[in-house]
Amino acid sequence: MATLTYREAVARGIAQEMARDDRVLLIGEDVAEAGGVFKTTEGLRERFGPRRVRDTPISEEAITGMIMGAAMNGLRPIGEIMFSDFLATCWDIVVNQIAKTRYMTGGQVELPLVLRSANGGGSRFGGQHSQSVENWAMAIPGLKVVAPSTPVDVVGLMAAAIRDPDPVVFLEHKALFATKGEVPDGELVDVLGRATTVRQGTDATIVALAAMVPKAIEAADILGREGINAEVIDPRTLVPLDVTTIATSVAKTGRLFTVEENPRLCGWGAEIASIVAEECFWDLDGPIVRVTTPHIPLPAADAIEDMAIPSVDRIVETVRTTMH
Amino acid sequence: MTDASGNGTVFVPDFRSEIMPETRLEMYAAMTRARVFEKRAYDLFMSGLVKGTTHLGTGQEAVAAGFSTAMRHDDMVFCTYRGHNHTLLRGAPMDSLMGELLGRESGCCGGKGGSMHLTDVEQHAMGSYAIVGAHLPVAAGTAWASQERGTGQVTVCFFGDGTTNIGAFHESLNMAAVWGLPVVFVCENNLYMEYTPISSVTAVPNPAADRAAAYGLDRIIVDGNDVDAVYRTALMALERARSGDGPSLIEAQTYRHYGHSRADPGKYRPNEEVEAWMSKDPIVQYRRRLEEMGIAAADLDRIEEDARMEIDAATEAAKASPEPSEAVLMTDLWADGGSSWRR
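Chains as they are written, first to last, in this note's numbering: chain A, 769 to 1092; chain B, 12 to 354.
Quick caveat, the hints were computed from the structure, so don't treat them as lab data. There could be a bad hint or two in this list.
[Said to hold, decoys possible] Just the calculated beta-carbon pair ranges, DEER-fashion:
no.: 1; chain 1: A; residue 1: Asp-1081; chain 2: B; residue 2: Ala-274; range: 53 to 63 Å
no.: 2; chain 1: B; residue 1: Glu-116; chain 2: A; residue 2: Arg-1032; range: 35 to 45 Å
no.: 3; chain 1: B; residue 1: His-84; chain 2: A; residue 2: Pro-1065; range: 28 to 38 Å
no.: 4; chain 1: A; residue 1: Ala-802; chain 2: B; residue 2: Ala-224; range: 42 to 52 Å
[As the list claims (entries may be wrong)] According to the in silico footprint, chain A covers these stretches of chain B (three or more CB under 8 Å from chain A):
no.: 5; region: 136 to 142
no.: 6; region: 255 to 263
no.: 7; region: 282 to 292
Virtual Cβ for every residue (Gly too), placed ideally from N, Cα, C.
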């Protein structure tokens, strides 16, 4: 067992798979010599050499297109897009090429690739380096979407993503890079599409993702002292989505809250709310309530960025008000 | 050889190298098969059997034929929505392509692709891409994998003149040059990006060749209606890529006989221009050359007759195939064969 930061876990997961499989390569801007602008790929070039860990120019369409082509021709590439906001510059390749090609060709083309990116706010970077875009990827048929919240999940889900035969968008949360957690020694391989119940409870279900998970746990602890015993579920992957774990929890608690960092409209919580409303309506004792970032770009100043992103206080207040 | 603008240095392939008669007949057959396939596609479109849209490469067959003949069996091809010729000549069976155009179960993509997405991975026809420029980085990616795996394969990527003004073109050329990738980028300059003359929207006279220097590549222009010239140029570029000397960018000057797509009669093109290019029909020109070289007209007639029989059989086979059933609607999104997004 070792204590790793979330950023160290990224490199650990990639290294585990590169050591196991020669077909795994990593490309992106500043990923090799510099070890990544977030230091998430530190040491990989030294360990696996300059051909398997390679710097690219600032060319997001080339990065995404080339991992697609490489996956078509026998490699299992990983591409890094430095900030998830930049996915907009290569969204055509991701959406129209990577996501659709298997279906459009009647299954002729297999694309075992991972597209990693640093996602989310809280770093005071302003509107073009802060957005949470997991809901963009979730909306596209043909993409699997992973957004882990702990170092151990980063390692295991990275391995699962790299071994998966389909394209996976793997979103690492910037606000979590410095967080630490225990990671067992040896090979770790997790499963895509399996949610984790990170706090047991009986009165309300709170579904939270990535950086919202520790906030939801803290909120649940506060609510617990007030007599509301909340269960917190981390779906970990949005596609595939573990509906069973969420529905089972709602059947027990009768209440559902989602805590989302993406802007309000069409956030992933809306889909979960829709599923639960359709399939678990008679289990519900009250309205499904979503806690989200408002429908605005994220501002830079810490005072107002903190007002925009769901906070522990806002989660507590929302649950408390709804339950009374 | 001079280029359209009449200035600059132009790459001239080695015309002293001999092309074997059987290779010439192979290229004549290739162009003829492509021509009859697209003529039939056009007729079936007009009769309502081919739906959606079609983008015909009629008049541009020499580019596909010259390259496909020069390629090794496992070299990979990427093309655009104007990709019938390239997919057919890379080896996709005519009946599976016609089945795809007719939206039938027998289609190369089972009816999920259509005219703009013809793909036959088994034949290394890696797909027809309908977003302008998007397939260039993908082609660089297969070339990167060939380089890393040491397979000796070359990727050939065809695109139109309009592609030279989109960002992915420049990102891909730069990456391919920096990494020395075994990829040949072939611009089929048919003078029009959709309905607009390429010259009116491009800063340089030769939209591909004049950009080559920006990536440290040779300026290569070839008469895209002369299949021998295309073939020789292709051999040179393929050899260069295969021997580890990196990518090439080739501008093949050609002309489409029809409009941009089935909805376009091409009225924006001056009559004199159309007539001048029609008189340079790559198949008519080549037949004349082959006859001058002493190849018997009967041999060429037989090639044409074979192509007509092949397209008739392919059309009948496609018409006889059932339409795709509901059972396949939800298949093949994921590698497990299904499309489930939940557990």
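Going through the hints against the structure:
For Asp-1081(A) and Ala-274(B), the Cβ-Cβ distance of about 58 Å falls inside the hinted range of 53 to 63 Å, so the restraint holds. The given range of 35 to 45 Å is respected by Glu-116(B) and Arg-1032(A), whose C-beta atoms sit roughly 44 Å from each other. With their beta carbons about 52 Å apart, His-84(B) and Pro-1065(A) fall outside the hinted range of 28 to 38 Å. Taken as a hint, the range 42 to 52 Å is violated for the pair Ala-802(A) and Ala-224(B), whose Cβ atoms sit roughly 30 Å apart.
Counting residues of the region 136 to 142 of chain B whose C-beta sits closer than 8 Å to any C-beta of chain A gives 4, which meets the bar of three, so the coverage hint holds. Counting residues of the region 255 to 263 of chain B whose beta-carbon sits less than 8 Å from any beta-carbon of chain A gives 0, not enough to reach three: the coverage restraint is violated. Residue count for the region 282 to 292 of chain B with a Cβ under 8 Å from a Cβ of chain A: 0. That is fewer than the three needed, and the coverage hint is violated.
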